[in-house]
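One line per chain: the protein sequences are R and E, in this order.
Residue 81 in the working numbering sits at position 81 of the first sequence, with consecutive numbering throughout.
In the working numbering, each residue's number is its place in the second sequence (first place is 1) plus 112.
It should be emphasised that the hints constitute simulated quantities derived from the structure, not laboratory data.
Since this is a predicted model, take the numbers as computed values, not measurements.
Heads up, a few of these hints could be off.
Here are the simulated DMTMM-like cross-link-like pairs (lysine to aspartate or glutamate), alpha carbons at most 25 angstroms apart as the crow flies [what the hints assert, rightly or not]:
1. R/Lys42 x E/Glu183
2. E/Lys154 x R/Glu98
3. R/Lys42 x E/Glu178
4. E/Lys161 x E/Glu183
5. E/Lys154 x R/Glu3
6. E/Lys154 x R/Glu44
7. R/Lys42 x E/Asp197
8. E/Lys180 x E/Glu200
9. E/Lys154 x E/Glu183
10. E/Lys161 x R/Asp71
11. R/Lys42 x R/Asp71
12. E/Lys161 x E/Asp120
13. E/Lys161 x R/Asp86
14. E/Lys154 x R/Asp62
Stretch by stretch, here's where chain E covers chain R in the computed footprint (C-beta under 8 angstroms, at least three residues) [unchecked claim]:
15. 42–50
16. 102–108
In this text, a Cβ means the ideal position worked out from N, Cα and C, and glycines have one as well.
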Amino acid sequence: EPEVTQTPSHQVTQMGQEVILRCVPISNHLYFYWYRQILGQKVEFLVSFYNNEISEKSEIFDDQFSVERPDGSNFTLKIRSTKLEDSAMYFCATQGQENIQYFGAGTRLSVL
Amino acid sequence: AQSVTQLDSHVSVSEGTPVLLRCNYSSSYSPSLFWYVQHPNKGLQLLLKYTSAATLVKGINGFEAEFKKSETSFHLTKPSAHMSDAAEYFCVVSARNNAGNMLTFGGGTRLMVKP
Chain R
1 EPEVTQTPSH QVTQMGQEVI LRCVPISNHL YFYWYRQILG QKVEFLVSFY NNEISEKSEI
61 FDDQFSVERP DGSNFTLKIR STKLEDSAMY FCATQGQENI QYFGAGTRLS VL
Chain E
113 AQSVTQLDSH VSVSEGTPVL LRCNYSSSYS PSLFWYVQHP NKGLQLLLKY TSAATLVKGI
173 NGFEAEFKKS ETSFHLTKPS AHMSDAAEYF CVVSARNNAG NMLTFGGGTR LMVKP
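Okay, chain R solo, but in the shape it has when bound (with noise of 0.2 angstroms):
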């Protein structure tokens, strides 16, 4: 079965690095999107791309973060300087035409 897969399963920075997380979706979807669960919490989306570009953000997206598809196959998400308070387990959901997500198993980031 076709699966999302999200790397690394883990990533550990210093405050004020970048980190880079990537997604690679399932072959033919054409909608992109990241959320991100901090420890204890719900999980809260992100972001939404279609189509090369932005269709939907939360307030969470800030000037810090930023989407892109580099080589028209992989989904990224740029935390251009990390703060403690970006750490949370950031999971990829990528969906074709009907209406369902299907989600990768997840980018543990952990801010030090």
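Could you slot chain E onto chain R? The hints should help.
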């Protein structure tokens, strides 16, 4: 605006007994509703979805959920729990039944199954 409340953060059942995980939602639109399950170190897996067809929805692994508009509920049930059902379960709402819409998650319910 939409929101989801999962009424129990933890549920413990014995193997072979019924499972009930409760979920209430609010939505300004006719919502699509989902249940996802997460096993340790795995991605979120779709159990079932409701998209305005039949109100009783059957999913994988013997789970089902009933959409009750009057109660704004979408509770998840299973007649007989199995040890492999132990996981975190998320009730999720989407504003509209088409692609490209953000999901809003409940807080999750951790299901524990005792032998």
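Restraint check for E/Lys154 with R/Asp62, where alpha carbons must lie at most 25 angstroms apart: Given pair E/Lys154, R/Asp62 is violated - Cα atoms ~28 angstroms apart, limit 25 angstroms.
Hinted pair E/Lys161 and R/Asp86, Cα distance within 25 angstroms: Not satisfied, since the Cα-Cα distance of roughly 31 angstroms exceeds 25 angstroms.
Chain E over the segment 42–50 of chain R, status - at least 3 residues with CB closer than 8 angstroms: holds (count 6)
Pair hint E/Lys154 and R/Glu44, alpha-carbon separation not exceeding 25 angstroms: It holds: about 18 angstroms lies between the C-alpha atoms, which stays within 25 angstroms.
Straight-line alpha-carbon gap E/Lys154 to R/Glu98, limit 25 angstroms: Distance of about 22 angstroms is within 25 angstroms: holds.
Agreement of R/Lys42 and R/Asp71 with the hint, judged by alpha carbon distance not exceeding 25 angstroms: Not satisfied, since the Cα-Cα distance of roughly 31 angstroms exceeds 25 angstroms.
Pair hint E/Lys161 and R/Asp71, alpha-carbon separation not exceeding 25 angstroms: violated, 32 angstroms
Coverage criterion applied to the segment 102–108 of chain R (partner chain E; beta-carbon cut 8 angstroms; 3 residues): holds (count 5)
Given hint E/Glu200 paired with E/Lys180 - CA-CA distance at most 25 angstroms: The given pair, whose Cα atoms are some 23 angstroms apart, holds under the 25 angstroms limit.
Holds or violated: R/Lys42 to E/Asp197, with C-alpha atoms at most 25 angstroms apart: holds, 21 angstroms
Restraint status (C-alpha distance of R/Lys42 to E/Glu178 at most 25 angstroms): holds, 23 angstroms
Pair hint outcome, E/Lys161 versus E/Glu183 [Cα-Cα no greater than 25 angstroms]: holds, 18 angstroms
Hint compliance for this structure: hints 9, 10, 11, 13 and 14 are broken, all remaining hints hold.
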